[in-house]
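Protein chains: 4
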Amino acid sequence: MAARIGDGLAGRRVLITQSEDFMGPVLAEVFAEHGADVIADARALADPQLPAELVRAAGRVDVLIANLAVPAPATRVAEVTDAEWRHVFAHMVDPLPRLVRAVLPQMIERRAGKIVVMGSATALRGLKRTSTYSAARGAQLAYVRAVGVEVAPHNVQVNLIAQNFVDNPTYFPPEVQALAAFRERLAREVPAGRLAAPREDALLAVFLASSEVNFLVGQGIPFAGGWVT
Amino acid sequence: MAARIGDGLAGRRVLITQSEDFMGPVLAEVFAEHGADVIADARALADPQLPAELVRAAGRVDVLIANLAVPAPATRVAEVTDAEWRHVFAHMVDPLPRLVRAVLPQMIERRAGKIVVMGSATALRGLKRTSTYSAARGAQLAYVRAVGVEVAPHNVQVNLIAQNFVDNPTYFPPEVQALAAFRERLAREVPAGRLAAPREDALLAVFLASSEVNFLVGQGIPFAGGWVT
Amino acid sequence: MAARIGDGLAGRRVLITQSEDFMGPVLAEVFAEHGADVIADARALADPQLPAELVRAAGRVDVLIANLAVPAPATRVAEVTDAEWRHVFAHMVDPLPRLVRAVLPQMIERRAGKIVVMGSATALRGLKRTSTYSAARGAQLAYVRAVGVEVAPHNVQVNLIAQNFVDNPTYFPPEVQALAAFRERLAREVPAGRLAAPREDALLAVFLASSEVNFLVGQGIPFAGGWVT
Amino acid sequence: MAARIGDGLAGRRVLITQSEDFMGPVLAEVFAEHGADVIADARALADPQLPAELVRAAGRVDVLIANLAVPAPATRVAEVTDAEWRHVFAHMVDPLPRLVRAVLPQMIERRAGKIVVMGSATALRGLKRTSTYSAARGAQLAYVRAVGVEVAPHNVQVNLIAQNFVDNPTYFPPEVQALAAFRERLAREVPAGRLAAPREDALLAVFLASSEVNFLVGQGIPFAGGWVT
Chain Z
127 MAARIGDGLA
137 GRRVLITQSE
147 DFMGPVLAEV
157 FAEHGADVIA
167 DARALADPQL
177 PAELVRAAGR
187 VDVLIANLAV
197 PAPATRVAEV
207 TDAEWRHVFA
217 HMVDPLPRLV
227 RAVLPQMIER
237 RAGKIVVMGS
247 ATALRGLKRT
257 STYSAARGAQ
267 LAYVRAVGVE
277 VAPHNVQVNL
287 IAQNFVDNPT
297 YFPPEVQALA
307 AFRERLAREV
317 PAGRLAAPRE
327 DALLAVFLAS
337 SEVNFLVGQG
347 IPFAGGWVT
Chain F
127 MAARIGDGLA
137 GRRVLITQSE
147 DFMGPVLAEV
157 FAEHGADVIA
167 DARALADPQL
177 PAELVRAAGR
187 VDVLIANLAV
197 PAPATRVAEV
207 TDAEWRHVFA
217 HMVDPLPRLV
227 RAVLPQMIER
237 RAGKIVVMGS
247 ATALRGLKRT
257 STYSAARGAQ
267 LAYVRAVGVE
277 VAPHNVQVNL
287 IAQNFVDNPT
297 YFPPEVQALA
307 AFRERLAREV
317 PAGRLAAPRE
327 DALLAVFLAS
337 SEVNFLVGQG
347 IPFAGGWVT
Chain E
127 MAARIGDGLA
137 GRRVLITQSE
147 DFMGPVLAEV
157 FAEHGADVIA
167 DARALADPQL
177 PAELVRAAGR
187 VDVLIANLAV
197 PAPATRVAEV
207 TDAEWRHVFA
217 HMVDPLPRLV
227 RAVLPQMIER
237 RAGKIVVMGS
247 ATALRGLKRT
257 STYSAARGAQ
267 LAYVRAVGVE
277 VAPHNVQVNL
287 IAQNFVDNPT
297 YFPPEVQALA
307 AFRERLAREV
317 PAGRLAAPRE
327 DALLAVFLAS
337 SEVNFLVGQG
347 IPFAGGWVT
Chain B
127 MAARIGDGLA
137 GRRVLITQSE
147 DFMGPVLAEV
157 FAEHGADVIA
167 DARALADPQL
177 PAELVRAAGR
187 VDVLIANLAV
197 PAPATRVAEV
207 TDAEWRHVFA
217 HMVDPLPRLV
227 RAVLPQMIER
237 RAGKIVVMGS
247 ATALRGLKRT
257 STYSAARGAQ
267 LAYVRAVGVE
277 VAPHNVQVNL
287 IAQNFVDNPT
297 YFPPEVQALA
307 AFRERLAREV
317 PAGRLAAPRE
327 DALLAVFLAS
337 SEVNFLVGQG
347 IPFAGGWVT
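Protein chains in written order, with this note's numbering: chain Z, 127 to 355; chain F, 127 to 355; chain E, 127 to 355; chain B, 127 to 355.
Rather than coming from a laboratory, the hints here were simulated on the basis of the structure.
Just so you know, these numbers come straight off a predicted model, no measurement behind them.
Heads up, a few of these hints could be off.
As the list claims (entries may be wrong) - Here chain E is said to cover these stretches of chain B; the calculated rule only asks that three of the stretch's residues, wherever they fall, bring their Cβ under 8 Å from a Cβ of chain E:
no.	segment
1	136-146
2	272-285
3	301-311
4	330-337
To be verified - Straight-line alpha carbon distances no greater than 20 Å define the calculated SDA-like cross-link-like pairs of lysine to any residue that follow:
no.	chain 1	residue 1	chain 2	residue 2
5	B	254	F	311
6	F	254	E	228
7	F	254	E	280
8	Z	254	B	235
9	F	254	E	208
10	Z	254	Z	182
11	E	254	Z	312
12	Z	254	B	340
13	F	254	E	234
14	F	254	E	231
15	Z	254	E	319
16	B	254	Z	312
17	F	254	B	314
18	E	254	E	311
19	E	254	F	311
20	Z	254	Z	309
21	F	254	B	313
22	Z	254	E	311
23	Z	254	E	310
24	E	254	Z	313
25	F	254	B	320
26	B	254	Z	310
27	Z	254	B	310
28	F	254	B	254
29	F	254	B	311
30	B	254	Z	281
31	Z	254	E	317
Heads up, the beta-carbon is just placed ideally off N, CA and C, and yes, glycines get one too.
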């Protein structure tokens with residue numbers, strides 16, 4: 127039987143950052159199920175030296191999953207502080223170019239590599255009381271568009287999942303999901319009427335990391351149950 | 127081992143329209159490789175009765191691949207004729223709601239179903255001497271957005287592949303690919319620097335038709351090597 | 127004092143179609159206030175000969191406002207009929223290329239001209255029970271993108287207003303506006319919390335028709351109070 | 127005669143930042159021509175205290191034009207340094223929330239205000255060797271979307287001009303414009319085939335700052351001669 131999506135992941139070295147947060151746990155599990163050699167690093171990456179160290183320690187990296195997250199502040203625009211802004215950018219934005227430049231040279235040399243950024247649909251659609259978070263996710267998205275186009279000729283594919291309403295402990299902890307108001311919001315705002323299961327999201331990451339398809343570059347794929355179309 | 131993308135296609139009935147044109151042949155092949163029961167119908171669908179007949183004859187349809195295409199006219203805006211416009215819309219636009227309304231009731235009743243429209247990135251980015259074709263592809267895209275959002279609560283997922291620069295005989299016949307000017311255009315305009323192999327595109331259709339991921343709805347996914355980001 | 131937006135409209139011949147429907151009346155009024163010579167034609171344009179006749183009778187046309195509308199059906203996807211589809215496309219889509227090709231040659235010859243299509247944000251964001259209407263508006267938008275790019279080198283600018291929630295008798299008649307449910311929907315779904323006044327929309331059309339700015343081409347500008355961002 | 131675009135600017139206090147860079151000079155000139163009371167501040171705003179000081183010193187601000195710019199580095203992705211990244215974000219991104227939170231309370235209190243961010247189309251379309259700059263512009267755009275939606279109910283309108291290929295000394299200095307290769311690039315990549323005159327861009331800012339139209343919120347308007355559609 128011919129190649130199927132994810133076949134090529136067997137034996138590939140997949141580096142997942144912040145592996146105990148956001149989509150980290152399910153990503154590690156699902157990539158491992160595909161036979162990948164998962165290098166899961168649990169550290170937050172605000173320290174400027176860490177991304178390069180991480181990549182150096184990892185050695186060969188065929189796939190980088192940039193899973194960067196901090197809880198989203200729900201501050202009104204006029205009350206956002208410099209500290210909030212800096213905290214969010216230091217964790218979600220600044221590490222991204224550090225990771226990418228650490229990992230790109232070996233990918234370019236091999237003329238093969240995948241980078242998947244676990245991003246947010248708030249980069250595409252405005253949402254109140256989310257200005258800091260949205261700005262950070264918007265930086266990631268535009269970065270991916272630029273980098274994706276630049277490195278495509280080297281057969282390295284860089285893309286981003288612009289997700290929202292995916293079940294994960296960082297953004298939708300059990301106590302939030304238990305609220306009637308939250309369930310009503312899901313029914314009203316999300317055409318799919320539910321949170322995505324973590325595994326559905328991880329399988330989109332598998333698709334984007336799959337060596338069977340090398341033509342999707344520089345995209346932010348909305349994955350939000352129809353909240354963004 | 128846990129479910130992988132496309133596992134659920136085994137035994138599923140996949141209806142592919144215009145199966146000898148555009149992406150039809152590779153779609154039939156790749157879905158069959160995934161164990162699907164492929165119903166390939168080669169007819170163009172301009173006849174208003176055909177879509178309903180086709181679906182009636184097919185019986186159970188788990189996945190509809192709306193593969194609708196005619197060669198793209200390269201007419202200047204001021205020289206487009208009514209005949210050109212009508213021909214393109216009659217083949218690519220008008221059959222779509224007929225197919226969808228024929229197939230939706232059974233999908234809604236089963237609370238499961240996938241519709242994938244093989245569309246075009248020209249719906250998203252303007253291109254000269256393509257006005258008729260782009261308009262038709264734009265109608266498809268907006269239709270998919272509206273339908274995707276409407277039927278998502280029934281657990282039916284409708285999406286579109288907004289492709290360009292994918293190798294297929296309808297749009298990039300061998301004599302075009304042989305031209306030096308064409309290869310230079312690829313290098314200049316398409317960051318990936320090449321045409322996609324048909325199989326890469328078909329695997330994106332497999333992803334969108336896969337029962338393992340049911341949260342992507344109403345989307346037009348650009349698949350154009352970075353020509354659209 | 128230097129040129130202001132709309133100064134150049136004085137004495138310009140502005141053709142407005144379907145001038146008693148949709149945005150027609152306010153457009154005629156506001157362009158006249160800017161000193162334009164308004165040619166207002168009230169006829170629906172489903173007849174294939176009419177657009178060319180209209181333009182021929184108008185003579186010189188500096189600005190074409192393609193104001194095409196029929197009431198939006200609220201039919202569920204599976205219940206849309208061929209008759210509904212044909213009616214909507216015959217009034218909103220098919221006349222557009224006929225108008226454009228009738229008016230373009232004189233604009234290209236003069237190396238000056240503006241075409242503004244009064245379109246819809248439903249081309250950009252999926253909305254349930256609006257599939258026919260959205261598809262038609264999507265065709266308009268993609269057409270404008272293609273044509274806008276093609277004729278830009280001739281110094282003709284073609285753009286579209288992707289509006290929603292603008293007060294007009296075709297889509298928001300007084301009896302709808304009087305409903306409490308409608309006002310609650312506005313508050314919930316439209317960040318601006320209200321319908322736009324017709325004049326606000328007409329001033330955007332003035333901007334797009336203004337000879338002071340000739341660099342905006344092939345765009346669909348969302349004008350929907352934040353419903354689309 | 128009824129109100130025209132920009133009429134309401136007479137006597138309005140318009141704060142323009144970095145007024146000698148990027149679009150600053152033409153903005154000051156064109157807003158003054160419309161009778162506005164222009165407060166032009168020439169300083170770069172990397173110092174975290176400056177934005178608040180600036181707004182405090184300005185007193186009443188009816189319109190904020192966030193004109194933030196540094197020359198765009200043309201560094202390859204793998205060679206971007208932390209210093210480059212920090213420099214660009216410190217000048218173009220970090221000052222934005224500081225300016226907005228300084229100016230918003232008075233606007234919300236008066237239930238009237240306009241904020242226009244002079245941004246970039248590179249936030250929307252990937253461009254090689256522009257990753258740092260694009261990421262910064264992407265942060266601005268997503269911030270504007272979020273803030274625009276949040277403050278719309280207070281009748282404050284926040285939007286962004288996503289420009290490219292507009293004549294200005296920061297990005298297209300005379301020595302660049304003189305290059306044959308640059309003129310060829312314009313002809314090939316920009317449908318309009320030229321740079322926009324600074325005044326055309328400033329008039330779009332006038333439109334977005336005009337009190338005659340208060341329904342456009344949270345938008346990034348592409349202004350790039352068709353380079354983005």
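Right, here's what the structure says about each hint:
Counting residues of the segment 136-146 of chain B whose CB lies closer than 8 Å to any CB of chain E gives 0, so the stated coverage by that chain is violated, three being the minimum. Remark: the segment 272-285 of chain B is confirmed as covered by chain E, as 5 of its residues place a Cβ nearer than 8 Å to a Cβ of that chain, reaching the required three. With 0 residues having a beta carbon nearer than 8 Å to a beta carbon of chain E, the segment 301-311 of chain B misses the requirement of three or more and the stated coverage is violated. A stretch counts as covered by a chain when three or more of its residues have a beta carbon under 8 Å from one of that chain; for the segment 330-337 of chain B and chain E the count is 4, and the coverage holds.
For the hint pairing residue 254 of chain B with residue 311 of chain F, the CA-to-CA distance comes to about 17 Å; that is within 20 Å, so the pair holds. Simply put, residue 254 of chain F and residue 228 of chain E have alpha-carbon atoms about 18 Å apart, close enough for the 20 Å limit, and the pair holds. Restraint check: the Cα-Cα separation between residue 254 of chain F and residue 280 of chain E comes to about 13 Å, which is no more than 20 Å; the hinted pair holds. Our distance criterion of 20 Å between C-alpha atoms is met by residue 254 of chain Z and residue 235 of chain B, whose separation comes to about 18 Å.
Straight-line distance between C-alpha atoms of residue 254 of chain F and residue 208 of chain E comes to about 31 Å, which puts the hinted pair past the 20 Å bound. Of the supplied pair hints, the one linking residue 254 of chain Z and residue 182 of chain Z is violated, its CA atoms being roughly 40 Å apart against a limit of 20 Å. Distance check on the hinted pair: residue 254 of chain E and residue 312 of chain Z sit about 16 Å apart at the alpha-carbon level, within 20 Å; holds. A hinted pair counts as satisfied when its Cα atoms are at most 20 Å apart, and residue 254 of chain Z with residue 340 of chain B qualifies at roughly 18 Å.
Annotation: proposed proximity of residue 254 of chain F to residue 234 of chain E holds, straight-line Cα distance about 15 Å (limit 20 Å). Using a Cα cut-off of 20 Å, the hinted pair residue 254 of chain F and residue 231 of chain E holds, with the two alpha carbons roughly 16 Å apart. With a C-alpha separation of about 14 Å, the suggested pair residue 254 of chain Z and residue 319 of chain E falls inside the 20 Å cut-off, and the hint holds. Taking the CA atoms of residue 254 of chain B and residue 312 of chain Z, the gap is about 38 Å. The hint is violated against a cut of 20 Å.
Proposed proximity of residue 254 of chain F and residue 314 of chain B is supported: the alpha carbons are some 12 Å apart, at most 20 Å. A C-alpha spacing of about 14 Å is found between residue 254 of chain E and residue 311 of chain E, which places the hinted pair at or below 20 Å, so the restraint holds. Only pairs whose Cα atoms come within 20 Å are accepted, and residue 254 of chain E paired with residue 311 of chain F is rejected, the gap being roughly 40 Å. The suggested pairing of residue 254 of chain Z with residue 309 of chain Z holds, with an alpha-carbon distance near 19 Å, which does not exceed 20 Å.
A distance of roughly 14 Å separates the Cα atoms of residue 254 of chain F and residue 313 of chain B; the hinted pair therefore holds under the 20 Å criterion. Taking the CA atoms of residue 254 of chain Z and residue 311 of chain E, the gap is near 17 Å; set against the 20 Å cutoff, the hint holds. With a C-alpha separation of about 18 Å, the suggested pairing of residue 254 of chain Z with residue 310 of chain E holds against the 20 Å cut-off. Between residue 254 of chain E and residue 313 of chain Z, the direct Cα distance comes to roughly 14 Å. Compliance with the 20 Å bound is thereby established for this hinted pair.
Our distance criterion of 20 Å between C-alpha atoms is met by residue 254 of chain F and residue 320 of chain B, whose separation comes to about 17 Å. Between residue 254 of chain B and residue 310 of chain Z the alpha-carbon distance is near 43 Å, which puts this suggested pair outside the 20 Å criterion. Taking the CA atoms of residue 254 of chain Z and residue 310 of chain B, the gap is near 43 Å; set against the 20 Å cutoff, the hint is violated. Of the supplied pair hints, the one linking residue 254 of chain F and residue 254 of chain B is violated, its CA atoms being roughly 24 Å apart against a limit of 20 Å.
Proximity of residue 254 of chain F to residue 311 of chain B is assessed by CA-CA distance (about 17 Å); at most 20 Å being required, the pair is judged to hold. Of the supplied pair hints, the one linking residue 254 of chain B and residue 281 of chain Z holds, its CA atoms being roughly 15 Å apart against a limit of 20 Å. Proposed proximity of residue 254 of chain Z and residue 317 of chain E is supported: the alpha carbons are some 9 Å apart, at most 20 Å.
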